[in-house]
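K.L.:
Those protein sequence lines, which keep their order, are chains A and B.
The end of the first sequence is residue 464 by the working numbering, with every number in the run present.
The end of the second sequence is residue 928 by the working numbering, with every number in the run present.
By construction, these hints were calculated from the structure, which means they are not laboratory data.
In the SDA-like style, the derived pairs of lysine to any residue whose C-alpha atoms are separated by at most 20 Å in a straight line are:
#1 B:LYS813 / A:ALA235
#2 B:LYS814 / A:PRO240
#3 A:LYS357 / B:HIS746
#4 A:LYS98 / B:GLU670
#5 A:LYS349 / B:PRO704
#6 B:LYS528 / B:GLU501
#7 A:LYS350 / A:GLU247
#8 B:LYS821 / A:ALA235
#9 B:LYS730 / B:VAL846
#10 A:LYS357 / B:THR740
Each chain is listed here by its residues.
Number of protein chains: 2
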Amino acid sequence: MTDAFSYVDSHRDHFLAELKEYLAIQSISTLSEKNDETRRAAEWTAEKLRAAGLSEVQIYPTPKHPIVYGAWLGAPGAPTVLIYGHYDVQPVDDPEKKWVSDPFTPEVRGENLYARGASDDKGQVYANIKAIEALMHANGGRLPVNVKFLIEGEEEIGSPNLDHFINANKDLLACDVAVISDTAILAPDQPSIVYALRGLTYLEIEVHGPDHDLHSGQFGGTVHNPLQALCEIIAALHNPDGSIAIEGFYDKVRPIDAAEREAMAKTPLSEETWRTQTGAPHSWGEPAYTLRERIGARPTLEVNGIWGGFTGEGSKTVLPAKATAKVSCRLVADQDPYEVEELIRAQVKKLTPPTVKSLVRGLNHGYPAIVPIDSAAVGAAVAAYRRGFGAEPVFLREGGSIPVVATFYKVLGVPVLLVGYGLPDDGAHGPNEKYNLTCLYNGIKTSAALLEEISKLTPEKLRL
Amino acid sequence: MTDAFSYVDSHRDHFLAELKEYLAIQSISTLSEKNDETRRAAEWTAEKLRAAGLSEVQIYPTPKHPIVYGAWLGAPGAPTVLIYGHYDVQPVDDPEKKWVSDPFTPEVRGENLYARGASDDKGQVYANIKAIEALMHANGGRLPVNVKFLIEGEEEIGSPNLDHFINANKDLLACDVAVISDTAILAPDQPSIVYALRGLTYLEIEVHGPDHDLHSGQFGGTVHNPLQALCEIIAALHNPDGSIAIEGFYDKVRPIDAAEREAMAKTPLSEETWRTQTGAPHSWGEPAYTLRERIGARPTLEVNGIWGGFTGEGSKTVLPAKATAKVSCRLVADQDPYEVEELIRAQVKKLTPPTVKSLVRGLNHGYPAIVPIDSAAVGAAVAAYRRGFGAEPVFLREGGSIPVVATFYKVLGVPVLLVGYGLPDDGAHGPNEKYNLTCLYNGIKTSAALLEEISKLTPEKLRL
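From just these sequences and the hints, can you work out the full model?
P.N.:
In structure tokens:
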């Protein structure tokens, strides 16, 4: 392992330059006009897998963005590790010019590399690829375990084709443990392991009033303004205490038990830290739960976007025909994302007065997941972090959603390790997304160490 | 007058072709990138005033869009009539491609001419100019009264420079009566005279939460989402019965007396007609007032636009840093638009919880107005409509706002006649704005007849 680690240290500049290439590709999966760029990111990923020493590298087409696969299966009898990540990135809408440098012209400032996708998830995918390269170099072209890579291009749009691909390729993807690097650790000197993820129900609510835009002076006062009606519906989806006012919403929510509350209390998120990270004036949410619990262990309902009427410069006295909102719920075990969509649909229907019409359109869905923290697989991850970052990792719940975790469990029947190298303030999905360079280099080391740690276990032990 | 009327009838095709030229100019005053087009509309207006026979035609610059002035003062002792209109138009935002023909490529379909500004207000300005041409032609180059035109280019953005211009040019604009053609009649065979207008307070409400966009999974549940907070504030600005929930908002509202209610009941707006005109599923608003009263005699609060977060294709799980709404109030006598802004500001402040910050930005203001319906000036308008449209006009309150009415009263000390030629379903401010061709031709006739009717009165009688 010393050899692999020194390979990493001596190739820092090279790795940085190469990652910048990756980040310059505008693989925004939600924008169809970027399809060529997204395709280019898939090809770049495949090429680097090949260069790292994997064989069987293939780009599998899907109805939208391709899936990149690569494997090295030269260690018969040793465990097989499936490594998942995604090469697509979020959009960069920047009406207020908040990006300090261009999102697709990666730039190092201080300890960080700034670019869209730097942390979510290209930087972490890249760390896993370079770990293979370092191990191959250190071990004469061999790895201590069998390895399969599955890197998709549709994570940011809800992975519409991934489940189908996994179900149709169970043999190709057969493994003993899956590893996902798409989460954050607490700090460069405080690694952490995420053992629970929230699920997702993402939908649009549309409110229709008149069948064409009206002059507010000619009809104002007699028409239920769709923007106002939408605001009334959205306002009614929360109770004054911050809890969600949808009938049945909490029915399947698994309560946090005393032991877990105690464990979560070990990594408290203070109001002060929260304010530094968010810049918001005061925290909000269910008063019976700590900030950490609200983020990781409780479901939420967020408005992700609203639009309607005149939004240009100056004033236009229009009474618009319709109004639309994008709304999403983060779900926890054991909520079902499709059931939640139906609950929201029923509630919106109930909240819609006869003066307007409403429509709920489901966009995507992901199941929540919890990973067993006392398994041998998690033990290997703990050891790997200890070696890669030189510090003992703590256990965390994570507020985000990685729906594939539930699929790996269900379809491949293996434990899933969330071994992430991002940081909480990386700005994933927002402006000035960054990746900490210490996290990059120690991430490569941790990823290499993880494969070595896993090689000490039998496939049977891993799967327990 | 027979001569003037036959001049109109024999020039229909010519007038239509010329008006199309006017409507093809994209004089959208709120968009600074259209400044050249707006300037071109001013020049076109000036040229047609000159061609109609006015002298002293001048384009006066303002800090934004110029004011066009023209006069014919060859009837000493006869009354002087000031005719006001505007050559600027509303934007055409058409994300859903609702315009059947291009808004700036005027097209006749059936009885109507379709184009942005066709009814509001270029078509009506044009009718007034052509009335001068017809009278000049019929009377050997003379008019029965003195005439001044004041055509501005900033009406659709709240006339920010008009009050200053009027105050600074009292002598230039001195007159005995003012005429504005920027309102609708009930139907081509049912002319009507608007005797009351609503005022306007237009503002933006901005809600700020975190200082940058966040990942909804990483912070959702602890941050008061600014879009949600904005919805909560907006929802709380109305009571469940449709009345406005702003403290003090109704304090200065002049009640509708029994006589006026009776008069308004003579031109009822039925639920059925309302539905045909709006296409909305069911009417809304203060139950104690009829639809006609809600539109004309009661103040309103409308959301004209909202935006924030991700509004593109697909799903992005962003928790946005801010949310903005454009909100406007239609005011009735004796509300003060600046006072109303302060009332809204205070209410929004009261509704803003400590978890977010809010900001109210005033955009523009107009005073409500009521015109005395038993005056000699209104009598002249009644006679003119009777002759131009061949039917007896009825009296109406109008829901819209023409702030200059209050200024003419206050600064020039003259009665203001609202002699409009639009129709209620012209789609002013919306897609497929149109102008009825009967209204165009009969409008020119009415405008000519009005000047002749006014010539029968002395300046003293007019001003009473």
